[in-house]
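Enquirer: Listed below, chain by chain, are the residues.
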Amino acid sequence: MTAPATVTELLTVLAARELAGRRIVFAGIGLPTLAACLAQLTGTPDIEIIYESGVTGAHPAGLPTTISDSILVTGAEGVLPMPQLFGYVIQGQRIDIGFLGAAQIDSRGSLNSTMIGGSYARPEHRLPGSGGAIEVMAHAREVFVVMRRHTPQTLVDRLDFVTSPAPQGRRGQATGRGVTRLITPLGVFSREDDELVLSSVTPGVTVDQVRAATGWPLAVAGTVADAEPPTPEELRVLREVLDPGRIYLR
Amino acid sequence: MSADRVMTLAGAIGAFVQPGMTVALEGFGHLVPTAAGHEIIRQRIGGLTVCRMSCDMMIDQLIAAGCLSGLVSSFIGNSSGGSLHELRRALEGRGDRVVTLDEYSHGGMIARYAAGAAKLPFYPIRSYDGSDLAAVNPSIRAVTDPYSGDVIHVVPPLNPDVSIIHAQRADRRGNVQAWGILGIQQDVAFAGRRVIVTVEEIVDDEVIRADPNRTIIPSQIVDAVVECPFGSHPAPVQGYYDRDDAFFRAWSDRARTEGAVTSWLETHVWATADHAGYLDLLGPEALGRLRVGQAWSGRVNYGQHLRPAGPAPGQPEAGRDADREAAR
Chain X
1 MTAPATVTEL LTVLAARELA GRRIVFAGIG LPTLAACLAQ LTGTPDIEII YESGVTGAHP
61 AGLPTTISDS ILVTGAEGVL PMPQLFGYVI QGQRIDIGFL GAAQIDSRGS LNSTMIGGSY
121 ARPEHRLPGS GGAIEVMAHA REVFVVMRRH TPQTLVDRLD FVTSPAPQGR RGQATGRGVT
181 RLITPLGVFS REDDELVLSS VTPGVTVDQV RAATGWPLAV AGTVADAEPP TPEELRVLRE
241 VLDPGRIYLR
Chain F
1001 MSADRVMTLA GAIGAFVQPG MTVALEGFGH LVPTAAGHEI IRQRIGGLTV CRMSCDMMID
1061 QLIAAGCLSG LVSSFIGNSS GGSLHELRRA LEGRGDRVVT LDEYSHGGMI ARYAAGAAKL
1121 PFYPIRSYDG SDLAAVNPSI RAVTDPYSGD VIHVVPPLNP DVSIIHAQRA DRRGNVQAWG
1181 ILGIQQDVAF AGRRVIVTVE EIVDDEVIRA DPNRTIIPSQ IVDAVVECPF GSHPAPVQGY
1241 YDRDDAFFRA WSDRARTEGA VTSWLETHVW ATADHAGYLD LLGPEALGRL RVGQAWSGRV
1301 NYGQHLRPAG PAPGQPEAGR DADREAAR
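Top to bottom, those sequences are chains X and F.
Quick note: the first sequence uses our numbering, first residue 1, plus one each step.
Quick note: the second sequence uses our numbering, first residue 1001, plus one each step.
Bear in mind the hints are in silico, worked out from the structure with no lab data behind them.
One should not assume that every hint holds.
Said to hold, decoys possible - Label-pair distances were calculated between CB atoms; the ranges are:
(1) G1277/F / G204/X: 57 to 65 Å
(2) Q209/X / R1044/F: 38 to 46 Å
(3) D1211/F / G101/X: 34 to 42 Å
(4) V1136/F / P60/X: 32 to 40 Å
(5) R158/X / Q1294/F: 49 to 57 Å
(6) Q168/X / G1259/F: 43 to 51 Å
(7) G92/X / Y1302/F: 26 to 34 Å
(8) T206/X / E1266/F: 54 to 62 Å
(9) Q209/X / V1143/F: 42 to 50 Å
(10) K1119/F / R148/X: 30 to 38 Å
(11) L41/X / G1277/F: 16 to 24 Å
(12) D1253/F / R148/X: 14 to 22 Å
(13) G1046/F / R158/X: 39 to 47 Å
Heads up, the beta-carbon is just placed ideally off N, CA and C, and yes, glycines get one too.
Hey, can you work out the whole structure from these sequences and the hints?
Expert: Next up, the structure:
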């Protein structure tokens, strides 16, 4: 009897399914890496991860703790310096899917990772800022966002600060499509025109519950499916093959 | 050819870092010049504007020490180890430290260093359209592309008074070799008006010359080279030691309490004479846990010139002729 999926396992499995058939993924350590590895072992063998530290084709002997962990380099297929990674790979539009996280997201898929409350000059809660998120948002073909908390304070009508804006479509500027998938513990949003609409709910969750937890007027796809719960095989690969020490599956 | 640029860390920091300067301390979670940051703290050099793309606890330490008044950065968390509470206290207006933040994205910082290194007036970047960062930072501007007529954002060059990086090894003149995650090391060195490089080992010229493609910084632009084992701790150095992850994870809790960083500096930096003293304090057991095993690179053949030496275009070089003789 397989133990039921934790929130992290659920999010990882849902993200991995969305990666089916994709190829070049820009990912951070933890959930996005686990999702890409799970996709690789469950039907998308050609998927490749590029890390912000410039490592491509990593074959780490163990689970890395950060994107700059030297365990990622030993045995890797390549390491790019940052100007080449940001200039040629990201701005050069070589990324199919970029994974980003944030403190807040709005219905158009813009992200805030800079500050909550107060003003920019005197924020109540100062967060780490962009890192490379602005560039990934601008130039990855598509962006997947995973939010661990789905509340009116995290899925908001108006961001406290627009760190990484959804591409505006102006000539000569950002080239990507922006956020096409938003994955939360309550469900998955997909992109319709310029808006994120609820396309599936987690088993046991109702559309009304999602609406109550969402800070923007919720738009719902024509049909909202119940997401298929993580299968015993997906959970087995996650738990026994990818993260047996439960470093990231806490 | 014989310019020997080897200095002590105290000597190099004392000679080149002056109060009020703009100083880059770079290393993207790897090859971080932590020991150099600590020496700045030991010498209590104040009023610095520090450039560091991806921050870590060294920034908390420089703030608590009263050395840092400005920060040029694109990520102000503690690598991936939680918040930098000393920095947050300053930016959120709690406590008595004031830090001016000049903020970009990684792409923006890279562009600034690239412009600085190439002595360009600005560098175009296609990612700030619609970002509040461009609205709050007057240094991020928009210009008209003279070719297409489109609008594009630009960032100004960044030329630190002193650029400080860490690397695996160098020769005594300062030809610097590095491998693993190279981050922005080469670019920030070329952007700096002065360059200090701390290395795990100073090696013989022959070691460098056996693998010239691994040289990321030529000696011509280096002012001081300092041998400084474990100079990147708690960040890793590929092939030398691992990241001290426990140290990273403990930092966020430690720095949460106001005054705690200053206490840490008292015992670990101000009470230690130099980096060797800091390492003694950590103890051989803690450092031993960071040891790595061996995974040597393959070897490449650079080739040896076999044809007889023709008339040289410039002055004949005795050493080169001798090499050719040996090759025959």
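Enquirer: Would you mind marking each hint as holding or not holding in the structure?
Expert: Hint-by-hint comparison with the structure:
{"no.": "1", "hint": "G1277/F / G204/X: 57 to 65 Å", "result": "58 Å, holds"}
{"no.": "2", "hint": "Q209/X / R1044/F: 38 to 46 Å", "result": "57 Å, violated"}
{"no.": "3", "hint": "D1211/F / G101/X: 34 to 42 Å", "result": "39 Å, holds"}
{"no.": "4", "hint": "V1136/F / P60/X: 32 to 40 Å", "result": "38 Å, holds"}
{"no.": "5", "hint": "R158/X / Q1294/F: 49 to 57 Å", "result": "54 Å, holds"}
{"no.": "6", "hint": "Q168/X / G1259/F: 43 to 51 Å", "result": "46 Å, holds"}
{"no.": "7", "hint": "G92/X / Y1302/F: 26 to 34 Å", "result": "30 Å, holds"}
{"no.": "8", "hint": "T206/X / E1266/F: 54 to 62 Å", "result": "57 Å, holds"}
{"no.": "9", "hint": "Q209/X / V1143/F: 42 to 50 Å", "result": "48 Å, holds"}
{"no.": "10", "hint": "K1119/F / R148/X: 30 to 38 Å", "result": "45 Å, violated"}
{"no.": "11", "hint": "L41/X / G1277/F: 16 to 24 Å", "result": "49 Å, violated"}
{"no.": "12", "hint": "D1253/F / R148/X: 14 to 22 Å", "result": "21 Å, holds"}
{"no.": "13", "hint": "G1046/F / R158/X: 39 to 47 Å", "result": "40 Å, holds"}
In this structure, the earlier hints numbered 2, 10, 11 are contradicted, and the remaining ones agree with it.
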